[in-house]
Each structure stands twice: as C-alpha cells, then as structure tokens.
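Engineer: Given the coordinates of chain A, work out where chain B should sit on it, guided by the hints.
There are 2 protein chains.
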Amino acid sequence: MKIYDLSHQLNNHSPVYPGIQPPEFIPAAQIETHGYRETHFRFHSHLGTHIDAPAHMIANGKTLDQLPVAHFCGETIIIKTGNPIDIEVFSGLEDKIATSEFVLFNTGWSKFWGSPSYFGNFPVLMPEALNFLLRFNLKGIGFDHISADSMDSKDYPNHYAILGKNMIIIENLVFPDGFAENSGEFNCFPLPYENADGSPVRAVLKCKRA
Amino acid sequence: MKIYDLSHQLNNHSPVYPGIQPPEFIPAAQIETHGYRETHFRFHSHLGTHIDAPAHMIANGKTLDQLPVAHFCGETIIIKTGNPIDIEVFSGLEDKIATSEFVLFNTGWSKFWGSPSYFGNFPVLMPEALNFLLRFNLKGIGFDHISADSMDSKDYPNHYAILGKNMIIIENLVFPDGFAENSGEFNCFPLPYENADGSPVRAVLKCKRA
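Protein sequences appear in the order of chains A and B. Taking the working numbering, the leading residue of the first sequence gets 45, the next gets one more, and so forth. Taking the working numbering, the leading residue of the second sequence gets 45, the next gets one more, and so forth.
If you're looking for bench data, these hints aren't it; they were derived computationally from the structure. Mixed in with the good hints, there may be bad ones.
Because identical chains cannot be distinguished in the list, a pair is counted as satisfied if it fits within a single copy or across any two copies.
No farther apart than 30 Å at their CA atoms in a straight line, the calculated lysine-lysine pairs in the BS3-like style are these [as the list claims (entries may be wrong)]:
| id | residue 1 | residue 2 |
| --- | --- | --- |
| 1 | K250 | K198 |
| 2 | K198 | K209 |
| 3 | K140 | K252 |
| 4 | K46 | K140 |
| 5 | K106 | K46 |
| 6 | K46 | K198 |
| 7 | K140 | K106 |
| 8 | K140 | K198 |
| 9 | K155 | K140 |
| 10 | K252 | K155 |
| 11 | K155 | K106 |
| 12 | K198 | K252 |
| 13 | K155 | K250 |
| 14 | K106 | K209 |
| 15 | K250 | K106 |
| 16 | K250 | K140 |
| 17 | K155 | K198 |
Just chain A, with the same shape it has in the complex (with noise of 0.2 Å):
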C-alpha cells in the first residue's frame, strides 16, 4: 500500500481566506521548564486543508458529527483537469464516478500555496459540470485551492449546490509533486466537535498495489 499525505502544512504563517483571523500555534509548554511539550491552537474551523460541512451554508444543513464516520472515508477518483471545470473532464468516466465515493480534483493550483497568486482565478466547476456531478450519489467533492467558488462570487453557486445535497466539500488539498494516481481510498476524518461547521483534516490517500 502507498499512502499520500494530502495536506498542507500548518503554522503561523498559513494562508487563510481574507477576511479570517490567521492561525496562532504557541508553545505552551517545555521540556526545560515543564518537563514536557506543549501547544495552545488558536484558529479556525476552515483552517488548511479542510472540510466544509452542510451547515457551513446551509441554514438546516447537517453538521459533521451529524454525519456517521463512515462519510469521512471511501472510494475516490482524482481527475486532472485544466482551468475551468468544464464537462469534457468527465468524459469516459461516468462508470468510474458512479462506483466513487469522492470526486477529488487536481488542478495544479497547490503550487500557489503561500502565495498571492493562491487567491487569484483557480479553476471552478462549471454549471454543467456541476448538474453532472450532482446526478451521483457522492459524499463529498474535493479542490486543491481554497474554494469551491471563484473569489468573486456573490452567490456561491457550487457551495450551495453540493453542499445543499448533504455532501461536503474538501478545500486546500495538496496532490504531491508527480502525483500520478487516479483512485484509492480517500480519508479525512474531522475533529469531533460539537455543532461542527467544518474542520481542519489530515487529508489521506491510500493506494493498493499488488
């Protein structure tokens, strides 16, 4: 088995959507004076690589310890795609997508991670694209950027949409330099949290080889 860590990296310095209070980790305890090591967290619940759940946006929609663990893992296909999402991506895949518990997308957009340029014109779903999606039974979409919707969106089309059918939506993922795969098993279990709006996950992937 391979196992991809799908994560970024956590620190003072992560980038956060405008608006929101940058993360704070702060030692809080050492080995010299306290005989062992601690930290103090303080940030958001959409820190990093993260979990939207459907009560991020949707007034009655379910939180994630509303949703059984079972929705945090499953089958995957990860689907390289350009800039925008259009339904040509899918093409030859409806079998694929049809046995898949997530649509995980790879759009090369990580690199910008750290980076002005991170917030700038990522590749979103298109309508059609979207109305494709949404005919599957998924429990979740991911992106390797910060949005399921373009910075510049008014309405938050796609969050609603997916989000509206009691899936979630998986944000900031990393696809490592070279990433070749295509399925396997996807984790990213949420912190067990009360009335959880979304969560910070250690995004997995693992693999079978023979």
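Structural biologist: Structure of chain B alone, referenced to chain A:
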C-alpha cells in the same frame, strides 16, 4: 466494512488533564449575520482523544510532522483488560501482536469520561507488561483513559519508555457500548502542524467483513 469512531466528542466542557486550560469552541460567524457558519478554536494539543508525539516528553524525540503519515494507520490488536494491565493479558497473543502495528487497550475506563472518577485509579501497564510490548516493532500503543502513567506518577516510566522508542501514545480512546472487535485497521491522523508535540485526532477503526 464496519467503521467505528473511537473518539470522544469535544465541547467547552470536555475534561482536560489537571492544570490545562479548558477548550473553547466559539461561534465566529453565523448564517443570519455573515451568510456562513465558522467556529473559532482555542485548545491545547493534547485535547480529547489525542496522540502524544515522541517530542511530547523526549528532548530530542520526533515531532508528529517528522513521522511519515503511514505512522498513523495500520493493523491493530485490541485487548480487553482488567486493572492493572499485567503481562498475563498477552497470553496466547504473541503472534498476533507480532503482526500488528498498534496495540489498543479496552479497559472500559472511558465510561467515567466527564466525571471526577475519570482521573482516578485507571489501569496502567505494569513494568513486565511494558517490557513485553517494547520487544515488538509497533507504531503506537493506545488507552481508553487519560494517561499511559498513573495520575500520581512522578517519573512517567511508561511515557518515557514508549515515546523513547519512537512510538506514539494514543490517549482518551473510547470503545462503543457492546464493542467486541479484537482487530482491524486503526487510523489516527494528526493535524499537520509544524513542531507537533501532539494532536487531537478522530480515531477510527475499520473492520473488514465478509
């Protein structure tokens, strides 16, 4: 496949190790006022069901981000035990432990979570049992109570011995009512922050079924 959540749910009343600041989950954005929900987190790295990194107590021990993501998943054996955890509990299990990557102890102590008794005389590994386990090439050892050492321990022999062998410790696990599994694939992926001395996790067990 049957999937079990082995994690305590977190909220502002979650028990913490004596002397540690209680967690705060603070609503930071509301649909009515902001158009979306977010939560601000303030808590320590060893909250709830969590991992101790070797660096938690070993001066030159590895942090979680220095370990490959594969260190946080693998085959596990789950051992029901009384109090204390003595070497007899491993009788007949040596071959099974030799092919496992994690050993988790189901002591039943998690039923005291949220009551003062949780910090009482929970089952800990006796020296002979500890030394037996250290002979194997494990990734980690887990407990359904708050510490690998007793609350009145002054020298933390179990922490130092386990973490000193580059293994992780998982604390505050919870086994569901009626739980009878004795093996499966354990997952406890930490948050991907730098210099991680520990991390709250969503601990998950996957059991294959015919």
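Engineer: Now tell me if each hint is right for this structure.
Structural biologist: Cross-check of the supplied hints:
1. Neither within a single protomer nor between protomers do K250 and K198 lie at most 30 Å apart by alpha-carbon distance, with minima of 36 Å and 41 Å respectively.
2. For a Cα distance limit of 30 Å, the shortest separation of K198 from K209 inside one copy, 20 Å, qualifies, whereas the shortest one across copies, 53 Å, does not.
3. Within a single copy, K140 and K252 get their C-alpha atoms as close as 17 Å, and across copies as close as 23 Å, so both meet the 30 Å cut-off.
4. Both within a single protomer and between protomers do K46 and K140 lie at most 30 Å apart by alpha-carbon distance, with minima of 21 Å and 23 Å respectively.
5. In this assembly of identical chains, the alpha carbons of K106 and K46 lie at most 30 Å apart only when taken from different copies (22 Å versus 33 Å within one copy).
6. When the C-alpha separation of K46 and K198 is checked against a cutoff of 30 Å, the pair qualifies neither within a copy, at 40 Å, nor between copies, at 41 Å.
7. Taking the shortest Cα distances, K140 and K106 sit within 30 Å of each other inside one copy (27 Å), while across copies they are farther apart (40 Å).
8. In this assembly of identical chains, the alpha carbons of K140 and K198 never lie at most 30 Å apart, being 33 Å within a copy and 57 Å across copies at closest.
9. Taking identical chains as interchangeable, the C-alpha atoms of K155 and K140 lie at most 30 Å apart only when both belong to the same chain, with a minimum of 27 Å there against 43 Å between chains.
10. Taking identical chains as interchangeable, the C-alpha atoms of K252 and K155 lie at most 30 Å apart only when both belong to the same chain, with a minimum of 26 Å there against 37 Å between chains.
11. Taking the shortest alpha-carbon separations for K155 and K106, only the inter-copy value of 27 Å comes in at or below 30 Å, while the best intra-copy value is 32 Å.
12. Within a single copy, K198 and K252 get their C-alpha atoms no closer than 41 Å, and across copies no closer than 45 Å, so neither meets the 30 Å cut-off.
13. For a Cα distance limit of 30 Å, the shortest separation of K155 from K250 inside one copy, 22 Å, qualifies, whereas the shortest one across copies, 33 Å, does not.
14. When the C-alpha separation of K106 and K209 is checked against a cutoff of 30 Å, the pair qualifies only within one copy, where the shortest distance is 10 Å, while the shortest distance between copies is 42 Å.
15. In the homo-oligomer, the alpha carbons of K250 and K106 lie at most 30 Å apart both inside one protomer (27 Å) and across protomers (24 Å), since each shortest distance falls under that limit.
16. For the identical chains of this complex, K250 and K140 are neighbours both inside a copy (17 Å) and across copies (23 Å), given an alpha-carbon limit of 30 Å.
17. Taking the shortest Cα distances, K155 and K198 sit within 30 Å of each other inside one copy (26 Å), while across copies they are farther apart (48 Å).
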